[in-house]
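Visitor: For chain A, the structure is supplied; the task is to place chain B on it using the hints.
Taken in order, these protein sequences are the chains called A and B.
According to the numbering used here, the first sequence is numbered sequentially starting from 1.
According to the numbering used here, the second sequence is numbered sequentially starting from 1001.
Hints listed in this document are in silico derivations from the structure and should not be mistaken for laboratory results.
Yeah, the Cβ is synthetic: ideal placement off N, Cα and C, and Gly gets one too.
Hints may be right or wrong, so weigh each one.
[What the hints assert, rightly or not] Chain A side only, calculated, beta carbon under 7 Å to chain B, not exhaustive:
#1 Gly42
#2 Leu43
#3 Tyr48
#4 Phe91
#5 Gly106
#6 Pro107
#7 Gly108
[Claimed, not checked] Pulled from the structure, derived: some chain A residues nowhere near chain B, Cβ distances all over 12 Å:
#8 Glu11
#9 Met15
#10 Gly16
#11 Ser27
#12 Gly28
#13 Asn52
#14 Asp63
#15 Ala67
#16 Ala72
#17 Thr76
#18 Gln80
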Amino acid sequence: DAGVIQSPRHEVTEMGQEVTLRCKPISGHNSLFWYRQTMMRGLELLIYFNNNVPIDDSGMPEDRFSAKMPNASFSTLKIQPSEPRDSAVYFCASSLGEGYNEQFFGPGTRLTVL
Amino acid sequence: DQQVKQNSPSLSVQEGRISILNCDYTNSMFDYFLWYKKYPAEGPTFLISISSIKDKNEDGRFTVFLNKSAKHLSLHIVPSQPGDSAVYFCAASAVSAIYDMRFGAGTRLTVKP
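Okay, chain A solo, but in the shape it has when bound:
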């Protein structure tokens, strides 16, 4: 199994541009999570999907952020327009079920907004 796949690994963009981060969860996992890691706030949950349905998006910081999961094998996190304070590492994770199950993290996307 290839694990959780994220693309791109690095993204550098200019303020105001649209950014799309992509995630392929582990096959068979039905829960998907997007996290953001910053020096100031650490690792924080942005949004949680279960069976492709957004269950909790209370961690999404602003309306500029949106996430979709059109099918069980793909999710996107979009920032439009991007701002320098969005610079962070964004992780996608997946798990089997939503209970006491280990979350498997992808390698992350390092986003830099100039």
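Guide: Only chain B this time, still in chain A's reference frame:
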């Protein structure tokens, strides 16, 4: 609000000795606790977990202890190995929102040969 705190940003130990990483939490609703390990340029990987009905869980060289009254947990690594050098994150969640893990800021462990 930092509901999970790891007050030691870094820890250095000698190979073969014990590493003890500490974590405190403030939310009494938390009943499931996890430790994740993170190497540079990789995502966190699950290490060990413990539920609030236990006070100890072992997995090989790794043991997690939970003191509910003190709202404190610790991770013991015995013996420590250079390959254990990584950032360790403590995380906690509540049964009401088990998916919503709250992470500590992490402790960077360095194991010297």
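Visitor: Look at each hint and say if it fits the structure.
Guide: How the hints compare with the structure:
no. : hint   : result
1   : Gly42  : holds, 5 Å
2   : Leu43  : holds, 4 Å
3   : Tyr48  : holds, 5 Å
4   : Phe91  : holds, 5 Å
5   : Gly106 : holds, 5 Å
6   : Pro107 : holds, 5 Å
7   : Gly108 : holds, 6 Å
8   : Glu11  : holds, 15 Å
9   : Met15  : holds, 25 Å
10  : Gly16  : holds, 28 Å
11  : Ser27  : holds, 17 Å
12  : Gly28  : holds, 17 Å
13  : Asn52  : holds, 15 Å
14  : Asp63  : holds, 21 Å
15  : Ala67  : holds, 15 Å
16  : Ala72  : holds, 17 Å
17  : Thr76  : holds, 18 Å
18  : Gln80  : holds, 25 Å
Violated hints for the displayed structure: none, as all numbered hints are satisfied.
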